[in-house]
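Input sequences plus hints: build the corresponding full structure.
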Amino acid sequence: MPERDLDLLLGAAKGAGEIARRFWRKDPRTWEKDAGAGPVTEADLAVNDYLHQQLLGARRSYGWLSEESADDPSRLDAARSFIIDPIDGTRAFIDGQQGFSHALAVAEAGRIVAAVVHLPVMGLTYAAHEHGPATLNGRVISPTDQGIEGARVLTPRASMDAAFWKGGTPPPFRREFRPSLAWRLCLAAEGRFDAALSLRAAWEWDIAAGSLIAQRAGAVVTDQAGREMRFNNPEPLVDGLVIAGPRLHAELMAALNPPRGRA
1 MPERDLDLLL
11 GAAKGAGEIA
21 RRFWRKDPRT
31 WEKDAGAGPV
41 TEADLAVNDY
51 LHQQLLGARR
61 SYGWLSEESA
71 DDPSRLDAAR
81 SFIIDPIDGT
91 RAFIDGQQGF
101 SHALAVAEAG
111 RIVAAVVHLP
121 VMGLTYAAHE
131 HGPATLNGRV
141 ISPTDQGIEG
151 ARVLTPRASM
161 DAAFWKGGTP
171 PPFRREFRPS
181 LAWRLCLAAE
191 GRFDAALSLR
201 AAWEWDIAAG
211 SLIAQRAGAV
221 VTDQAGREMR
231 FNNPEPLVDG
241 LVIAGPRLHA
251 ELMAALNPPR
261 GRA
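Residue numbering for the sequence shown follows our numbering, beginning at 1 and increasing consecutively.
Just so you know, not all the hints are guaranteed correct.
As the list claims (entries may be wrong) - Computed cross-link-like contacts, EDC-like style, restricted to lysine to aspartate or glutamate with a CA-CA straight-line distance of at most 20 Å:
| id | residue 1 | residue 2 |
| --- | --- | --- |
| 1 | Lys33 | Glu235 |
| 2 | Lys166 | Asp223 |
| 3 | Lys33 | Glu3 |
| 4 | Lys33 | Asp49 |
| 5 | Lys166 | Glu251 |
| 6 | Lys33 | Glu68 |
| 7 | Lys14 | Asp49 |
| 8 | Lys14 | Glu68 |
| 9 | Lys33 | Asp71 |
| 10 | Lys33 | Glu18 |
| 11 | Lys166 | Asp239 |
| 12 | Lys14 | Glu42 |
| 13 | Lys33 | Asp77 |
| 14 | Lys26 | Asp95 |
| 15 | Lys26 | Glu42 |
As the list claims (entries may be wrong) - What follows is a set of in silico ranges between Cβ atoms, one per label pair, in the way DEER data are often shown:
| id | residue 1 | residue 2 | range |
| --- | --- | --- | --- |
| 16 | Asp34 | Gly123 | 18 to 24 Å |
| 17 | Arg139 | Arg174 | 21 to 27 Å |
| 18 | Ser61 | Arg139 | 32 to 38 Å |
| 19 | Thr169 | Ala79 | 28 to 34 Å |
It should be emphasised that the hints constitute simulated quantities derived from the structure, not laboratory data.
Backbone N, C-alpha and C fix where the C-beta goes; we use that ideal spot for every residue, glycine too.
And the structure:
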């Protein structure tokens, strides 16, 4: 089943990319979501509608969780659910940058079993299912064995706050950034960067697909407290993320203060 679901996700991601490219650099209609949730464009909604039709049309019993759909609590009772970010990196998309992605995943019993992250303008397709390797355009990928000193870590600037780190000093890694969180996880999975780190809660649709790809590549994938990630939660949030090869993951965890409110 994960293999068949992966084939479905791959086909749908390609179609989503074709739709997104029709709007990219064409000044799509854009507005702000309620409660400061960030921007959305007509392209996000067009891709979301397409994916809803394609995916649920093929798997009618599956639940649905998407950034651009009202949450349907029936997903909690489904044996499997799609977790979708129609366009991850919407601000980059609006600015005409190439680094936006479509992130598609299937969750079963709290874990991700099939996943695709597709960057249509850059021609990059990351994919994995729970019984196989992680790939980039069909090529097997793996993370680096870099230690913390000099590591290239994809993380927001806020992660460098002294309060997060033991001794009040961030470790000697090099902070870098890319606009799509799903892509950041994949970049760590393929070894182009050494880690992906976020020390604030992340929406499941941003990280579900990338988490499986990183895990199947051989990275250690946890929340910021070092716990296994679980998906399709009633409140679809994960408590931050630390994703890196085993050596670097251990060193990052050793350097971090426990999350606030935890011993």
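Hints, verified against the model:
1. For a cut-off of 20 Å, the pair hint linking Lys33 to Glu235 stands: about 19 Å separates their Cα positions.
2. Between Lys166 and Asp223 the CA atoms are separated by roughly 18 Å; this keeps the pair inside 20 Å, and the hint holds.
3. A hinted pair counts as satisfied when its Cα atoms are at most 20 Å apart, and Lys33 with Glu3 does not qualify at roughly 35 Å.
4. For the given pair, Lys33 sits about 17 Å from Asp49 by alpha-carbon distance, which is consistent with the 20 Å threshold.
5. Between Lys166 and Glu251 the CA atoms are separated by roughly 12 Å; this keeps the pair inside 20 Å, and the hint holds.
6. For the hint pairing Lys33 with Glu68, the CA-to-CA distance comes to about 10 Å; that is within 20 Å, so the pair holds.
7. With a C-alpha separation of about 14 Å, the suggested pair Lys14 and Asp49 falls inside the 20 Å cut-off, and the hint holds.
8. A threshold of 20 Å between alpha carbons decides the hint, and for Lys14 with Glu68 the separation of about 19 Å falls inside it, so the pair holds.
9. Between Lys33 and Asp71 the CA atoms are separated by roughly 15 Å; this keeps the pair inside 20 Å, and the hint holds.
10. Restraint check for Lys33 and Glu18: the C-alpha separation of about 24 Å exceeds 20 Å, so the hint is violated.
11. Taken as a hint, the Lys166 and Asp239 pair is honoured in the structure, with Cα atoms around 19 Å apart against an allowance of 20 Å.
12. A threshold of 20 Å between alpha carbons decides the hint, and for Lys14 with Glu42 the separation of about 18 Å falls inside it, so the pair holds.
13. Simply put, Lys33 and Asp77 have alpha-carbon atoms about 28 Å apart, too far for the 20 Å limit, and the pair is violated.
14. A threshold of 20 Å between alpha carbons decides the hint, and for Lys26 with Asp95 the separation of about 10 Å falls inside it, so the pair holds.
15. About 11 Å separates the Cα atoms of Lys26 and Glu42, which keeps this hinted pair within 20 Å; it holds.
16. Between Asp34 and Gly123 the CB atoms are about 35 Å apart, so this pair departs from the stated range of 18 to 24 Å.
17. For the hinted restraint 21 to 27 Å between Arg139 and Arg174, the CB-CB distance of approximately 26 Å keeps it satisfied.
18. Separated by about 33 Å at the C-beta atoms, Ser61 and Arg139 satisfy the suggested range of 32 to 38 Å.
19. The hint said 28 to 34 Å for the Cβ distance between Thr169 and Ala79, and at roughly 47 Å that hint is violated.
Of the numbered hints stated above, those contradicted by the structure are hints 3, 10, 13, 16, 19, listed in ascending order.
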